[in-house]
Amino acid sequence: MDDASMKLKQKQPRRYVVSRKLDAFFFDVYAFGQFIARFFRNLFLPPYEFKEVVHQCYMVGVKSLPLITLTGFITGIVFTKQSRPSLSEFGATSWLPSLVAIAIIRALAPLVTGLITAGKVGSNIGAELGSMKVTEQIDAMEVSATNPFKFLVVTRVIATTCMVPLLMLYMALVALLGAFVNVHANEQTSFILFIENGFQSINFLDLFSSVLKSVVFGFTIGIVSCYQGYTTTQGTQGVGRAANTSVVLAMFLIFIEEIIIVQVVNWFRIT
Amino acid sequence: MAKSNTHIIDRTKRVISIRGLHKSFGTNHVLRGIDLDIFQGENVVVLGRSGTGKSVLIKIIAGLLKPDSGSVNVLGNDVERISYRELEKLRLRIGFSFQSSALYDSMTVRENLEFPLLRNSKHLSTQQVRQAVEKALDAVGLSQTINQWPGELSGGQRKRIGIARTLIMQPAIMLYDEPTAGLDPITSMEINDLINEVQERFNTSSIIITHDLTCAKSTGDRVAVLLDGRFVKQGSFEEVFTSGDERIKSFYDYNFIT
Ligand SMILES: Nc1ncnc2c1ncn2[C@@H]1O[C@H](COP(=O)(O)OP(=O)(O)OP(=O)(O)O)[C@@H](O)[C@H]1O
Ligand SMILES: [Mg+2]
Chain A
1 MDDASMKLKQ KQPRRYVVSR KLDAFFFDVY AFGQFIARFF RNLFLPPYEF
51 KEVVHQCYMV GVKSLPLITL TGFITGIVFT KQSRPSLSEF GATSWLPSLV
101 AIAIIRALAP LVTGLITAGK VGSNIGAELG SMKVTEQIDA MEVSATNPFK
151 FLVVTRVIAT TCMVPLLMLY MALVALLGAF VNVHANEQTS FILFIENGFQ
201 SINFLDLFSS VLKSVVFGFT IGIVSCYQGY TTTQGTQGVG RAANTSVVLA
251 MFLIFIEEII IVQVVNWFRI T
Chain B
1 MAKSNTHIID RTKRVISIRG LHKSFGTNHV LRGIDLDIFQ GENVVVLGRS
51 GTGKSVLIKI IAGLLKPDSG SVNVLGNDVE RISYRELEKL RLRIGFSFQS
101 SALYDSMTVR ENLEFPLLRN SKHLSTQQVR QAVEKALDAV GLSQTINQWP
151 GELSGGQRKR IGIARTLIMQ PAIMLYDEPT AGLDPITSME INDLINEVQE
201 RFNTSSIIIT HDLTCAKSTG DRVAVLLDGR FVKQGSFEEV FTSGDERIKS
251 FYDYNFIT
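Top line first, the protein sequences correspond to chains A and B. Using our numbering, the first residue of the first sequence is number 1, and each one after it goes up by one. Using our numbering, the first residue of the second sequence is number 1, and each one after it goes up by one.
If you are wondering where the hints come from, they were derived from the structure by calculation, not from laboratory data. In this text the structure is predicted, and so the values were computed from the model without any measurement. Ideal Cβ positions, reconstructed from N, Cα and C, are used throughout, including at glycine. Be aware that a few hints might be false.
[Said to hold, decoys possible] Here are some chain A residues pointing at chain B (derived, C-beta under 8 Å):
| hint | residue |
| --- | --- |
| 1 | Asn42 |
| 2 | Thr135 |
| 3 | Gln137 |
| 4 | Asp139 |
| 5 | Ala145 |
Throw the hints in and build the complete structure from the sequences for me.
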């Protein structure tokens, strides 16, 4: 609890600069900034918790696979199905594979993976760290000479940052598979042709920007939910709030980041 | 029953020495000038009403909270001045038994006990770790729970596992936060015996926070009463409760009459 961000969160300014709510908001933003800085300070300092990082990667990555598979497959099928009518108006259903591939790889896979993991992993981390905080498990870790920030926060943020891009790539494949199933059933397109058509329109920049987005989303999910959990106060009520805020805030930031990254990448595309 | 063991206390060696300690949370001035010395091998009981800052006091000793002013010296280290590395080293010699037990929910009882060992005594073999875990569990009489999850245990069992987890590192100082709260009289007595046994076997110095006067009487070499952020009375159990101080007397009456 000798944690600077914790103290900042608790500190109540006596006289408000703007209004009580707005001041509290900026205090929170500042404390969050401190938390991020602390993450990077701790990231490069030994001891490195390799074993725990691997464990967390498993928890984030492997445990999310069923959900990602299901949502990815459905996304692929539904998107293809919904796009067909507008293309067939122009008699252009042969474009379907490339349209779907572009949509999935550029936009759908990163965004859907980001949102799904924010919901599943974000709430999980927020609630887990939150309950560890209020039941003094974090203090217990600290007095047994294990740096809880490194052991709990750094490992989880690394795990989400590494795993979300992998999950995104996996989801893209599954979604393409879903799209293929639908295209094959309707237009009898062969797998080879589907792949050829689909990947013709994808370039390196598309893939790169999607991976970049996913890295940013993964980091956001990890750091936001760890911050919410690690600074939980007010007992079990606070735990619920931490889990909830983790998801809402992470999703909100993911949309903002999506907009920014798309803008920047499009700028590269043109020049 | 009075304290039965005849442990020798070294009154020349202070393991904890606190001077003029103040701590507030916002406008809530909790500790208002604490002075306290704990000697080598001594069990000191801290009594005080709920919310007087007993838990805060031992959290400051373990470096979990920072004091606003005053000095806190533990085993020759000024807790506030030392680096984080040194603080971690110091913490290995302090055992902290939490009021809420604070067992790691995501680990079994065995993993809970192994955790401090595996992380801090890397030279130990798997065999040695296993033996240490079994011995510590045996000491609190809960060998059969070794593969259970904390969620499956009763409050009293959790408390005893929590104590076992701190004993496993063989600390020089034990800080017990309400070790007998919420336990039946027989289990409480077992805990009291355990506290005395630890003192005797490892020559450990302890701070025992409690509301339970039986616990205070049977484990404390000295009793210190915390009131309004200060120690108002220190001495043996009998000295404290025959002093005729109204505030202390009411604490005693309440404990035994109701
Ligand atoms: N982290 C914290 N932030 C703000 N206030 C705190 C914090 N920890 C303790 N306090 C306040 O300090 C006071 C003393 O708390 P403490 O937990 O030390 O009481 P206690 O003497 O241990 O009581 P109990 O016997 O009920 O455990 C309480 O008023 C509490 O509100
Ligand atoms: Mg307490």
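Evaluated hints:
1. For Asn42 of chain A, the shortest C-beta to C-beta distance to chain B is roughly 11 Å, which exceeds 8 Å, and the interface hint is violated.
2. Because the closest C-beta pair between Thr135 of chain A and chain B is about 6 Å apart, less than 8 Å, the hint holds.
3. The criterion of a C-beta within 8 Å of any C-beta in chain B is met by Gln137 of chain A, whose closest approach is roughly 5 Å, and the hint holds.
4. The beta carbon of Asp139 of chain A comes within 5 Å of a beta carbon in chain B, closer than 8 Å, and the hint placing it at the interface holds.
5. For Ala145 of chain A, the shortest C-beta to C-beta distance to chain B is roughly 4 Å, which falls under 8 Å, so the interface hint holds.
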